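Generate the whole structure from the sequences, applying the supplied hints.
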Amino acid sequence: MASYEITVRRNGAAGKLEFTGGGVSVNTTCWWDANHVIVAGEYPSWRTRMNSKKDSVTKEKRPGIWLGKNVPYGDGSKTSDGIFIHEGTGPSWSDGCVVLKRDEMMKMWNAIIPDGTANVLVKVVDGAGA
Amino acid sequence: MRRLARVALVVAAVLLASPAQAADRSDLLIHHLLDLDQQALFGDDYTPLAEMEAWGELYAAAREEAVADDSADRRGIKTFMLIGWIARQRADFGTIEGFNTDFKALFDARPNDVLAALADTEFMLPEMCRYLAGFFFFEDADPDKRQGFVDANTHRMERHLGEAGQAACLDAFWAVKS
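Chains A and B are the protein sequences, given in the same order. The opening residue of the first sequence carries number 850 in the numbering used here; numbering runs sequentially from there. The opening residue of the second sequence carries number 4 in the numbering used here; numbering runs sequentially from there.
Read the hints as simulated data drawn from the structure, not as lab findings. Treat the hints loosely; a few may be bogus.
Unchecked claim - Ranges between beta-carbon positions, derived for each pair: (1) A:K865 - B:E161: 46 to 54 angstroms; (2) B:R162 - A:E854: 51 to 59 angstroms; (3) A:M955 - B:D123: 17 to 25 angstroms; (4) A:G890 - B:R162: 45 to 53 angstroms; (5) B:E60 - A:G872: 28 to 36 angstroms; (6) B:R162 - A:G965: 45 to 53 angstroms; (7) A:G890 - B:E60: 27 to 35 angstroms; (8) B:Q42 - A:E854: 22 to 30 angstroms; (9) A:T966 - B:A167: 50 to 58 angstroms; (10) B:A75 - A:V888: 41 to 49 angstroms; (11) A:E909 - B:L39: 26 to 34 angstroms; (12) B:A112 - A:E854: 37 to 45 angstroms; (13) B:G165 - A:G965: 47 to 55 angstroms.
Every value quoted in this text rests on a predicted model; they were computed, and no experiment measured them. All C-beta atoms, glycine included, are put in the ideal place defined by N, C-alpha and C.
Quick look at the structure:
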């Protein structure tokens, strides 16, 4: 059973990312690439860092939440092993990942302890009332 | 099938940084490209996270080696391009997002070497030119600067790629709209 939950509520071209845990609450706008949309569902995920990108402030490896292997996207016929939640200021920061402003990302990321284990459940849901 | 054979030859030829590294790198690249079960590569240490992290470490090392590549056959640059190419084939969005920025930076630093490497690896040419275009739509970049980039590099594209290669590159470049 996951220790933490992140909910991505999609409604049109943007959405809301919700997280509560470790004494922290996040409810903030998030974005993604409209050409590579994750199939709605639940994904056991990991707190980690990305080797391919650097944090925009510290220049260390970028903090991220990795959604695991074989995440379906589009019509569900294809999958990706490389979808993360990470910092970004709009959909242009995504080629398939979910992005949110850095301050909110770091608030959430720092509250998730420990890393290295799939203790985060990312729920991707569609619709404003979902 | 012929295209895949060329990919396999590139993989086999350029990964001999050192014998110990070559086996690991070759294994990771082939397994990632072909979506093979990687448990045997990690033994008792396998976890999905370890697999993802190994790929990320390979990416980071290849990026640094490409920047410093002084090999006669430009294997460091070719290896890095291959990783970006594989990322697109496998819809590895996290790697694609990194490559968007890193490949453009490599090109800006070493345009003649990158184009010469592309001339040797034609199967990667369209995808790499799409990446160069994609940079201008990514993060805070300005799509209006694409023409200036092309104007600054079109002469060396023709010199290294020939007319046909230059045309193929620019076709792929301008086909990217977002």
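Right, here's what the structure says about each hint:
| no. | hint | verdict |
| --- | --- | --- |
| 1 | A:K865 - B:E161: 46 to 54 angstroms | holds (49 angstroms) |
| 2 | B:R162 - A:E854: 51 to 59 angstroms | holds (55 angstroms) |
| 3 | A:M955 - B:D123: 17 to 25 angstroms | violated (43 angstroms) |
| 4 | A:G890 - B:R162: 45 to 53 angstroms | holds (50 angstroms) |
| 5 | B:E60 - A:G872: 28 to 36 angstroms | holds (33 angstroms) |
| 6 | B:R162 - A:G965: 45 to 53 angstroms | holds (49 angstroms) |
| 7 | A:G890 - B:E60: 27 to 35 angstroms | holds (29 angstroms) |
| 8 | B:Q42 - A:E854: 22 to 30 angstroms | holds (28 angstroms) |
| 9 | A:T966 - B:A167: 50 to 58 angstroms | holds (52 angstroms) |
| 10 | B:A75 - A:V888: 41 to 49 angstroms | holds (47 angstroms) |
| 11 | A:E909 - B:L39: 26 to 34 angstroms | holds (31 angstroms) |
| 12 | B:A112 - A:E854: 37 to 45 angstroms | holds (43 angstroms) |
| 13 | B:G165 - A:G965: 47 to 55 angstroms | holds (49 angstroms) |
Checked against the numbered hints above, the structure violates only hint 3.
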